[in-house]
Amino acid sequence: MSNTESAGAQPTWKSLINAIERHEDLSYDEAAWAMREMMSGLADPVQVAAFLVGLHTKGETAEELHGLSEQMLDMAEPYGGPRDAVDIVGTGGDQHNTVNISTMASLVIAGAGVKVVKHGNRASSSSTGSADALERLGLPLDAPAARVEASVGEVGISFLFANTYHPAMRYIGPIRKTLGVPTVFNYLGPLANPARVASSVIGVSSTRIAPLMADVFARRGDHALVFTGPLNLDELSLIGPTQMWEAHDGHITESVIEVADLDLPSNTLADITGKDAQFNAEVIQRVMAGESGPIRDTVVLNAAAGLVAAEKEASSPLTDRLNAAISRAQDALDSGRAEEVLTSWIRFLKD
Numbered sequence: 000m001s002n003t004e005s006a007g008a009q010p011t012w013k014s015l016i017n018a019i020e021r022h023e024d025l026s027y028d029e030a031a032w033a034m035r036e037m038m039s040g041l042a043d044p045v046q047v048a049a050f051l052v053g054l055h056t057k058g059e060t061a062e063e064l065h066g067l068s069e070q071m072l073d074m075a076e077p078y079g080g081p082r083d084a085v086d087i088v089g090t091g092g093d094q095h096n097t098v099n100i101s102t103m104a105s106l107v108i109a110g111a112g113v114k115v116v117k118h119g120n121r122a123s124s125s126s127t128g129s130a131d132a133l134e135r136l137g138l139p140l141d142a143p144a145a146r147v148e149a150s151v152g153e154v155g156i157s158f159l160f161a162n163t164y165h166p167a168m169r170y171i172g173p174i175r176k177t178l179g180v181p182t183v184f185n186y187l188g189p190l191a192n193p194a195r196v197a198s199s200v201i202g203v204s205s206t207r208i209a210p211l212m213a214d215v216f217a218r219r220g221d222h223a224l225v226f227t228g229p230l231n232l233d234e235l236s237l238i239g240p241t242q243m244w245e246a247h248d249g250h251i252t253e254s255v256i257e258v259a260d261l262d263l264p265s266n267t268l269a270d271i272t273g274k275d276a277q278f279n280a281e282v283i284q285r286v287m288a289g290e291s292g293p294i295r296d297t298v299v300l301n302a303a304a305g306l307v308a309a310e311k312e313a314s315s316p317l318t319d320r321l322n323a324a325i326s327r328a329q330d331a332l333d334s335g336r337a338e339e340v341l342t343s344w345i346r347f348l349k350d
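Residue numbers (numbering that gives the first Met the number 0): 0 to 350.
Certain hints may be false.
In the DSSO-like style, the derived pairs of lysine-lysine whose C-alpha atoms are separated by at most 27 Å in a straight line are [claimed, not checked]: (1) Lys57 <-> Lys176; (2) Lys176 <-> Lys13; (3) Lys176 <-> Lys274; (4) Lys57 <-> Lys13.
Label-pair restraints from in silico Cβ distances [as the list claims (entries may be wrong)]: (5) Ser254 <-> Gly53: 46 to 54 Å; (6) His22 <-> Pro229: 49 to 57 Å; (7) Glu257 <-> Arg285: 35 to 43 Å; (8) Glu281 <-> Ala259: 46 to 54 Å; (9) Leu41 <-> Asp262: 47 to 55 Å; (10) His250 <-> Ser343: 32 to 40 Å.
In short, the hints are calculated from the structure, not lab data.
It should be emphasised that the depicted structure is a prediction, and the values quoted were computed from it without experimental measurement.
Glycine included, each C-beta is placed from N, C-alpha and C at the ideal position.
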């Protein structure tokens with residue numbers, strides 16, 4: 000709590016930025032106030048940039064992430080679809096520019112019969128975001144909201160384009176792009192899915208931030224797998240150990256996922272490195288069509304995490320649950336159901 004909060008005074012940009020400079024943490028209400036100001040378009044861009052860089056330099060707290068994300072959700076466009084679904088997304092910011100693993104994993108999860116409501120955007124600090132790749136595949140990002148939300152029931156998956164559901168982000172986007180470095184908004188996107196899904200799989204490019212995000216999900220009572228891979232990758236990988244924080248029933252369990260304990264072969268970073276949107280889109284098509292190899296294996300692992308997150312039970316060891324789900328993910332690809340999800344999804348939104 001900053002001095003402003005303890006004194007009971009109304010927050011101002013000056014008071015919050017000064018508090019951050021003194022390395023004082025903000026309260027839930029102060030963080031929520033800052034988000035209201037930013038997303039109302041009332042804040043000067045210089046103030047916003049100072050706040051974002053200062054907060055990241057100080058180090059965000061779970062309380063701040065909670066206040067910022069809840070206010071962001073309160074200001075989002077209403078969502079009329081189901082909440083009993085999974086979101087799978089990475090924060091970005093790991094600087095490794097891998098292919099769109101979470102996008103492919105979402106198709107596999109849906110192919111396995113679990114509803115997916117993915118929330119994403121164009122790239123901010125990486126080369127290709129989920130929206131970039133999906134658009135290149137022919138998915139219309141400007142489809143009417145009613146159609147977007149209906150696609151969950153019809154084909155098992157929806158993509159909530161952040162620009163549509165968080166229109167006030169138009170005030171923040173140019174500032175983030177100009178800064179070109181990770182800010183708290185890299186972490187807020189996964190915490191601000193307008194569907195408020197009950198299950199999430201979140202890759203985080205920071206071992207400091209990951210447990211804080213898990214804390215937010217625990218406060219909400221959601222089931223979430225939050226992790227940081229080797230080399231600070233924001234996805235589950237088969238390169239090396241992955242640090243995991245599982246939020247379930249208001250509690251957090253920390254573990255390490257070792258590649259040797261998984262029913263998949265190891266690989267290297269070079270095996271899963273992507274390029275531009277066109278290249279990444281072609282990779283998605285090939286993997287959905289049945290191409291084997293390290294990318295498919297990594298997609299299967301991440302899809303397995305989504306299937307685990309959708310389960311209510313969390314008493315058995317996580318590695319055991321992942322291995323059980325790996326075969327389901329592989330079957331969704333081998334049977335062609337994951338590819339059919341992609342084809343049907345694009346067709347449904349274009350009709």
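Status of the hints after comparison with the structure:
1. Lys57 <-> Lys176: holds (21 Å)
2. Lys176 <-> Lys13: holds (24 Å)
3. Lys176 <-> Lys274: holds (19 Å)
4. Lys57 <-> Lys13: Roughly 16 Å separates the two Cα atoms, so the pair holds.
5. Ser254 <-> Gly53: 46 to 54 Å: violated (33 Å)
6. His22 <-> Pro229: 49 to 57 Å: violated (30 Å)
7. Glu257 <-> Arg285: 35 to 43 Å: Roughly 29 Å apart at Cβ, these two residues miss the hinted range, so it is violated.
8. Glu281 <-> Ala259: 46 to 54 Å: violated (32 Å)
9. Leu41 <-> Asp262: 47 to 55 Å: Holds: the Cβ-Cβ distance is about 53 Å, inside 47 to 55 Å.
10. His250 <-> Ser343: 32 to 40 Å: holds (38 Å)
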